[in-house]
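With the hints as a guide, dock the two chains, each given alone in a separate frame, to form the complex.
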Amino acid sequence: MKSKTNKILFYAVILLAGIFAPIIFPAYTFQLALLWMMILFALTWDILGGQMGYNSLGNILFFGAGMYICTIVQIGMYYDVAEYTAHFGAVKIDFTPYQYFSGLALGLVSAAIASLVFAVIFGWIVFGLRGPYFAIGTLGVAIAAGELVGAWDYVGGGGGISVPSYPGEPDDRALFFYALCFISAVSTFVFLKWLYSTRFKLALNAIRDDEEKAEAMGIHTNRYKTIAWSFAAFFLGISGGIFGNMTGFIEPLEVAFPTVTFGIFMVLMVLLGGKGTLWGPVIGAVLFHLIKEITWTYLLGWQWVALGVLIIINVVFFQQGIMGWVQDKWPDLFGISVDSVMAAGEEENSTKEVA
Amino acid sequence: MIDNLSLLGLAPLLNLQLFIDGLLIGSIFALAAYGLALVWGVMNIKNLAQGDFVIMGGYIAFTLSESPFNLHPILSIPFVFVIMFVFGWVLYQTIIRRVIERDLFTSLLATFGLAIVIQQLINLAYGPDVQTIRSEMAIREFFEGEVTIADIKFVSFILAMIMGLMITIFMKKSRMGRAIRATSQNARAARIMGIDTDRVYAFTFSLNAAICGIAGVLISMIWVIQPFFGITHSIRAFVIVTSAGFGNLIGVILSSLGLGAVEQFSGFILGAEFQQATVVGLLVGVLIIRQIIQGRQRQVVQ
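So the sequences go chain by chain: A and B.
Letter by letter, the first sequence follows residues 9 to 363 in this note's numbering.
Letter by letter, the second sequence follows residues 14 to 315 in this note's numbering.
No lab work stands behind these hints, which were simulated from the structure alone.
One or more hints might be untrue.
[Claimed, not checked] Covered by chain A, per the in silico footprint, the following chain B stretches (three or more residues, Cβ under 8 Å):
{"id": "1", "region": "30-39"}
{"id": "2", "region": "75-86"}
{"id": "3", "region": "104-115"}
{"id": "4", "region": "121-129"}
{"id": "5", "region": "247-258"}
[As the list claims (entries may be wrong)] To give an idea of the interface, some chain B residues facing chain A are shown, with a C-beta separation under 8 Å as derived from the structure:
{"id": "6", "residue": "F118"}
{"id": "7", "residue": "Q133"}
{"id": "8", "residue": "L137"}
{"id": "9", "residue": "I306"}
{"id": "10", "residue": "Q310"}
Glycine included, every Cβ here is placed at the ideal spot set by N, Cα and C.
Isolated chain B, as found in the complex (with noise of 0.2 Å):
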């Protein structure tokens, strides 16, 4: 560990590395925190199965990529877009409607009974190994061969920020959007005020869904997916949505890419095998800085 630290220190061209793979990552993982803020300030439901969707959306990109059609990743993200809207708007239909109404605690279990039928589904049909779709694009090198970064995580890159802009965009001026928005500010003036409230409620799940595929396509080109992955994701989601909160997406962008960058940092530091510790270790160190943040205003984080 103070050998990699002092690595850092000798080679200052590898923070840069580091650094920029964190942020080009980063930016994929903003994509599904910000799914998770939309269902979160919206209809109040904690997703758990949020990191399951994006692994969902990334084995279908990889069924897309080996069938005889053989679709490069890219051109597949529109199919798995339909293909998890669809997804969300069934399990809306079975599952969420019911639980909405309910306590807190209620959304949060049966996302997280969700999230293992999909993992282990997943499992059953692929099996356990860790996979990855090959995009067969250069890698770029820099400053001789000291900083390469691969053209997939730059166009992966441009690809998310053109996703999180066509999203915002759509959240601002389209009809849907507005009705999103003012079901998030007050359900119930919303209903007086004609919007269906269940549909936009079906609408914004089923749109969580297909940017968590998205997210998930992205993901299975610069990185590797495997089953049981999910629940990291899902952790990192709810990581940068507790430290950013709900509605503030250049919160949730920057905190994004601020924990890409950190995850970068020590899984170089501490061996990859500390990922999720790191991961899990800065929910609780969110956590705990907000607790008391509130305790100082004599308030509980909730």
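One chain only, chain A, in its complex shape (with noise of 0.2 Å):
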């Protein structure tokens, strides 16, 4: 089928594209790494916004918790965590090659555990509330994750950690974390594409078109939710581990629960994209990566003022976003895009949903 190799080689240069983009721009490596972060940012939202019409604003929770669980088990593995933190990051240990990645595996390893177990413990906090109460109840508890840990002294408080630095050249260190961003991104992607195409899928979005009627249908809503919360919880977790090794130094407010920075960017993202498709979260995030960078470059003093117009804008004129633009302007294309015919029926009734 002509269609199958389009899409085999599609997915051949994105991920050609992904491996060859840090060689070919050195000096973006970092950027290029965050867009990766960004695109699963997106993916790991969608789960819930999207496709079961949760609309969550406090997913940074997770990522958060990730990133500290990481950082105190690479530290504790070798060291006294109160100890190390006692000296707000002025004492620099030099952790070996084998201790770094050890603890680095073990870390991100628990950190995805750790958030999973949390959204578990959340979930049943914030599930019995539907609509702006979902949202604004997850916010909360978001912002006041991020107080509290800036209360906890053993984790250093409001003054933060310095993650154990990197053994090897600086090079070296901004490629080895693309790589861990870019899989973790693309194996958002893959585990995303498998899950929209089983019966999981169906579940979360009958709860999306009518939770009462999915209950009343034999579907455990609770669970379904609770499980889809997970999901996006464990991929959350990892990226904040990793984010957390790739700035170095991570602090309650601004680097770990940055409810009004990542938090709000990623539900953004899957706005500009189209929520409820697999692809919009993707394209979403690219586009917005893209204009974040170019109004922080040239728009700076007013990037913030740009970010919050592109909000409304955003919200109020185009809130189906790209995915479902395209969708109501070119239907045919969709039998013949990326997405399988299946998929486009599905997204069809999501953009309908939507509007």
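The structure is reproduced here in structure tokens:
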């Protein structure tokens, strides 16, 4: 089939672009790594926001939790954490490569698992809330988490922790973390592509369309909601751990629980790209990252105003997003585009839902 | 923390001081919360820019007091009212009217964008410094100086109460107030009865902005304003409305006063940096309690 070859070619091009981009543009490695992370953010937010219709403003909670847990495991494996944080990063302790990589690996795994556990616990708290209460409640939980961590001296409090430094050249370091971001984003995408081809996605869509009816039809809504949230938390936890190591210094309000930056960006990226689709979040993330970098470079000082205006315009005038718009404009195109015919049919339903 | 707690036990008058301070500040929270209950109940708009309207009102008063007219903040209240009313009207015509009929998240996110724009514009204009307007009023001492109350706090309490009374009378007696109440009960029926609901919505939103602006003036006199403090005020308004429900003025006032007192006590016991954490923690707590109550009746909070 021609479309199938096209599809394979398309994925191959993206993968190759992802692998060679930091080699071609070495100066932008950090930005590119951040781009993959943004794609991961958007994809995980869309599990709830797009597919399940639960608009969370507090998903960033798992990002921060993962970041802190990863760092604590990394340090705690070889040193006393309280002693380490008491110096506020003033004392640099060198980790040997073995210590560093084993700590990082274990840290990322525990970050992912702990975030998942957090999602189950917080799911119990917030999933009885609907609509605006859910959005505000999750926002509240995320802000409160940041404040609480800031008050916890064991993890450095508001002063933050400096993450163990990478044992090697700065260039290698950049490439290493780029690779981690790339792999985590791609595996998130692959996982979601598989997940959205199962009955699980249909259950989530049923919850979005009418939760009471879904429940009446025998879907365990609370179980599905919690599982969906834990998937998002799992990947966000990993990305948090990676990001903490990438920046080298973590601190509760600006880096770990940035509710008004990353926390809102992920919502905005999905809305920009079109929610409830697989590719929408990816396109939205790429576009948003470009817009953000351009405004941050050329409109310095006004970048936040530009961002706010972008939110308003996006939400008020262009809520179906790019994928939704393309869908409306050229419905024929979708049969032969990257999405399968099945998925395109589903997206039609979802755009109707949004409109 | 334990030290501060035992200090409260040792000096009972300190409790009184914190309690009175809390009540006096809480009365101002009631204004912004009532505004939120108004737009929420009438238009079904969850306005996350509520706190930024408050801060904006404070900065308008600040500008007037710094200007050549050297206007006292209390005298600037009518000007702030008019300016914020017009501002609210413009916002309604450009943005809000397009999100009324949409789903719940749209209004939340649109007003969140609005909040970012407002706070950033204020930040660009005035810088991130904490500001306060000096009211130049006396500070009274009671119990041999153990309890002090600034006159201005008392005056602002009275002003907030007068404002609340005026709004209540307006809603009960005036034609527009009746139209607003009719629209909130059943918008379609109101339209059939010849009420121009679009105008009612515009008026409600503008009135809310104006009320918030006045709350901001009072806040700027007795407390501090800063471009990024808006979000805390918004969350406060949400805490109050979520616990009191809309259309329940007494409930709004009582929970505002309670919130003010709780904040003062927690600020004293835990430290000032926990102010926002307290408000947010209360919000989460209120939501959980409501959820437990609803869960007993096999319902959800929506």
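Hints, verified against the model:
With a threshold of 8 Å between beta carbons, the proposed coverage of the region 30-39 of chain B by chain A is violated, since 0 of its residues qualify and at least three are required. With a cut-off of 8 Å between beta carbons, the region 75-86 of chain B has 0 residues touching chain A; three or more are needed, and the interface restraint is violated. Using a Cβ-Cβ cut-off of 8 Å, 4 residues of the region 104-115 of chain B lie near chain A, which meets the minimum of three, so the contact claim holds. Chain A is given as covering the region 121-129 of chain B, and this holds because 8 residues of the stretch bring a CB closer than 8 Å to a CB of that chain, at least three being needed.
A count of 3 residues in the region 247-258 of chain B with a Cβ less than 8 Å from any Cβ of chain A is obtained; the coverage claim is therefore met, three being the minimum. At about 4 Å, the closest approach between the beta carbon of F118(B) and any beta carbon in chain A falls short of 8 Å, and the interface hint on this residue holds. For Q133(B), the interface hint holds, the least distance from its beta-carbon to any beta-carbon of chain A being 4 Å, beneath 8 Å. At about 7 Å, the closest approach between the beta carbon of L137(B) and any beta carbon in chain A falls short of 8 Å, and the interface hint on this residue holds.
At its closest, the beta carbon of I306(B) sits 10 Å from a beta carbon of chain A; the interface hint therefore is violated under the 8 Å criterion. A cut of 8 Å between beta carbons decides the hint on Q310(B): the least distance to chain A is about 12 Å, and the hint is violated.
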